[in-house]
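**Q** Take a look at the letters that make up each chain.
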Amino acid sequence: MSDSDWKDVLVFIEVSDDKVQEVGFELLGEARKLATKLGQNVSAIIIGYDVEKFAKDCISNGADTVYIVDDPGYKDYLTKTYSKAFVQVVEKFKPDIVLIGATPLGRDLSGAVATVLKAGLTADCTGLDIDDKTLKLLSTRPTFGGNIMATIYCQKGKPQMSTVRPKVMKMPDPDLSRSGKVIKEHVSVDPKDLTVKILQFISDDCRDQIEIEHAKVLIAGGRGCASPAGMEKLKELAKTIGGEICGSRPMVENGLIPSNRQVGQTGKTVVPRVYFAVGISGAIQHLVGMQNSNVIIAINTDPNAPIFKVATVSIVGSWQNAIPKIIEEIKKRTGR
Amino acid sequence: MSKIEDKLYTTRFKVDKFTHLKIADGSICLKCEAKPCTIFCPAAVYVWDEEENHIRIVYEGCLECGSCRIGCPYTNITWNFPRGGFGVQYKYG
Amino acid sequence: MEETFDLIIVGAGPAGISAAIVAARAGLKTIVFERGEFPGSKNVFGGVVYVNEIAKLIPEFWKDKTAPIERIITDSRIVFANDHGALQVGYKTDRFADPPNVVSVHRAKWDRWYAKKAQEVGALIVTNTVVEDVLRDQTGKVIGVRTGRPDGDVLAKLTIFCDGVQSPLLVRAGIRKEVLPEHVALSVKETILLGEEEVTKRFGTKPGEGVTFEILGSLADKMDGVSIMYTNRETVSIGIGANLRQWMDSKVTPYDMIDKYKEHPLIKPFVEGGQTKEYVAHWLPEGGYDTMPKIYGNGYMLAGDTSMLFNALHREGTNLAQATGRMAGETAVAAFKYNDMSEEFLKMYDNLTKASFVMKDMKKYRGFGHLLFDNKMIFSTLPEAVGDMCEEMLAVDGKSKKEKQKIIVRNIRKKVGLLKLLGLAWRGWRAVR
Chain V
1 MSDSDWKDVL VFIEVSDDKV QEVGFELLGE ARKLATKLGQ NVSAIIIGYD
51 VEKFAKDCIS NGADTVYIVD DPGYKDYLTK TYSKAFVQVV EKFKPDIVLI
101 GATPLGRDLS GAVATVLKAG LTADCTGLDI DDKTLKLLST RPTFGGNIMA
151 TIYCQKGKPQ MSTVRPKVMK MPDPDLSRSG KVIKEHVSVD PKDLTVKILQ
201 FISDDCRDQI EIEHAKVLIA GGRGCASPAG MEKLKELAKT IGGEICGSRP
251 MVENGLIPSN RQVGQTGKTV VPRVYFAVGI SGAIQHLVGM QNSNVIIAIN
301 TDPNAPIFKV ATVSIVGSWQ NAIPKIIEEI KKRTGR
Chain R
1 MSKIEDKLYT TRFKVDKFTH LKIADGSICL KCEAKPCTIF CPAAVYVWDE
51 EENHIRIVYE GCLECGSCRI GCPYTNITWN FPRGGFGVQY KYG
Chain X
1 MEETFDLIIV GAGPAGISAA IVAARAGLKT IVFERGEFPG SKNVFGGVVY
51 VNEIAKLIPE FWKDKTAPIE RIITDSRIVF ANDHGALQVG YKTDRFADPP
101 NVVSVHRAKW DRWYAKKAQE VGALIVTNTV VEDVLRDQTG KVIGVRTGRP
151 DGDVLAKLTI FCDGVQSPLL VRAGIRKEVL PEHVALSVKE TILLGEEEVT
201 KRFGTKPGEG VTFEILGSLA DKMDGVSIMY TNRETVSIGI GANLRQWMDS
251 KVTPYDMIDK YKEHPLIKPF VEGGQTKEYV AHWLPEGGYD TMPKIYGNGY
301 MLAGDTSMLF NALHREGTNL AQATGRMAGE TAVAAFKYND MSEEFLKMYD
351 NLTKASFVMK DMKKYRGFGH LLFDNKMIFS TLPEAVGDMC EEMLAVDGKS
401 KKEKQKIIVR NIRKKVGLLK LLGLAWRGWR AVR
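Line by line, the protein sequences give chains V, R and X. Per my numbering, the very first residue in the first sequence carries number 1; after that it's consecutive. Per my numbering, the very first residue in the second sequence carries number 1; after that it's consecutive. Per my numbering, the very first residue in the third sequence carries number 1; after that it's consecutive.
FYI, nobody ran anything at the bench for these hints, they're computed from the structure. Note that the coordinates shown come from a computational prediction; the quantities given were computed from them, not determined experimentally. We put the beta carbon where it would ideally sit given N, CA and C, even for glycine. Among the hints, a few may not be true.
Facing chain V, according to a computed beta carbon distance under 8 angstroms, are these residues of chain R, among others [stated by the list, open to error]:
id: 1; residue: Glu5
id: 2; residue: Thr19
id: 3; residue: Glu52
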């Protein structure tokens, strides 16, 4: 069996809380670009219970074929059951490339699937492309704090697998007139694999677990306020306005925020309604993570700081001066 | 193998979201001329950022040898082991 | 955690596991804390392990097919090298083949296997856990440890610290002084994959057998340093290091240094074309006997690298760790038998080490570290002079042998100085006497 038997770009569509996770559609858009370069098609795979209804949206967002594995046994995600189903579909339909969103579920599933298939897996990619000569998938990802971008390809083995972080790829424009095939693939669930029974979902109110991608207002600290005193003020502003704390790399290096609150090339890409950039110079590594925010309010003592190029509101001054005034003003206007 | 990043790529890390290394006082680094941490660290964790006038810490590639803790002439590095289960995890050793 | 154990061991390396095996076999309720994902995941060495010491706890372990032995070392070479040449002395013998005397291993595999032996006799090994503090009672006696886990205080009647060459824990607890840079060597190492047949071929060994090279000279950018090359089953370990005090003044980085090392005419043919599978860095405790902390106290003992145990001349670090771990375990068993965990009783551990090769060797070589550190010529001019001498002796260039002799003596006088050389020889003899 040769490599050329493996065709098409397969995207895993994650369904949680009876909703498709948007990263699935983002990856369909990206898959279309890759497939076009390869002269191949785009397919999608949905595993779950009562999930056939999502096939239409997948097709609208670019899938030519949608594989459905639908069974009550897949109602809750379990590594064993989902990876078995996934592997069976991959072995049967032989996609050249498999893309999975780097959500907690996606990360768990992709590792399990890659191990069974002995496929190369590049995790947390920020860029995908096809090599002109070899037609291999090129996955780009940052390494070691963002000093170096590594481009990785699988020397051998199929499929070539990559996981991509949410909001890195653009959402495609859905085309409701598109048509495609829906293939129901039956993969029965072995009752022995149902080793875990989900009794209850408890909503996570722990502040530290907040995913900053979902926040509507973000208060970001940079080198200029990466101190305990700075953090205090940022927290006060966040509390007053109802926002979440995040930051650029220096905030992580100073131990003030964990790396999952870092915005930028090595961190997350965010598109909140309001983004406060406090003491952030606006180096490109940070900008790529937040420049599409709706309103950017930048506070920096350096009038030449690159952040002011993308800011909606530019405040040239110190955060020690500016933030208390902003907090005061918000309190006055909202009566908080 | 000509770059440290290529070498570190062969080593397995379970990267924590918290850094286990911190510069205690950034202003001290400004008066340190030699900045030996940027030379003797076997993992090139410490990098001098010309623009920000600060040491950058790439803690993700730390090999936990401890040289920076006692090698910094100003003892300016707050050093801890990474949290249990995090950091470098050797395949050969 | 409400549970009280008999014995807490910090660190699941050779020292910790040796102690755990002895203690658990004797029925002590033993718990071992390991900060890595698995025993060995945070450990680095050259390296080789010595059969005699391991066999004390696991007789004839080399016959166990599951024991991850890489190669049986039957050929040991000592090298004195400069940038362009190497003088080698070696001894090869079949007598070290069966039973083996020394074998090469990979720590990540070896420690894991070794730790299982402790688990098989009932020791509880808890990984992914950093010990953050030492717990004491009002009298100052060590009664347990605080770990990084929630509700992570664990109590025990006795604690053995085996947490490695740099123990910020023991420094914080006042049990050890912070290491000085001149007391340790910072080394980097690469494990290079060649394939089993290729290793056998390149090094000229029998299948399953191996070679070790210990190299002294000017290769560590003329710093007080040692480099190594050891054969494993499919891979070759090459490493180079130097005294940390000198690294602080170095213009060369460790990773550039190991790259240059790989280009050395002695090393290159052995590793060329191989694929680096792992790059690691670690300290070697080189300070010697005089930098050792007190290895026992009220309710605790220290074993392994954390006591700065290392015989640089004979490359025995792991060996001393295993021996002291075993002795600490034996002391713990005795302490429980007599129900006496006081400092006075634990002195038995100190006595055991002093009566054995452990302290005898440490004392004998206590001056070795200083000898190297204080005599920079060993790493700068002497390797050049020795190289010149060898080349003069070996070159057939038409000069008469008498003429060559004159040139050699003149060179040594110029480059090193006859008196200095004699002085070095005298100091060298004194240091290892």
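**Q** Each hint needs a verdict: does it hold in this structure or not?
**A** Each hint, compared with the structure:
no. : hint  : verdict
1   : Glu5  : 5 angstroms, holds
2   : Thr19 : 6 angstroms, holds
3   : Glu52 : 5 angstroms, holds
Violation of the numbered hints given earlier is absent; every hint is satisfied by the structure.
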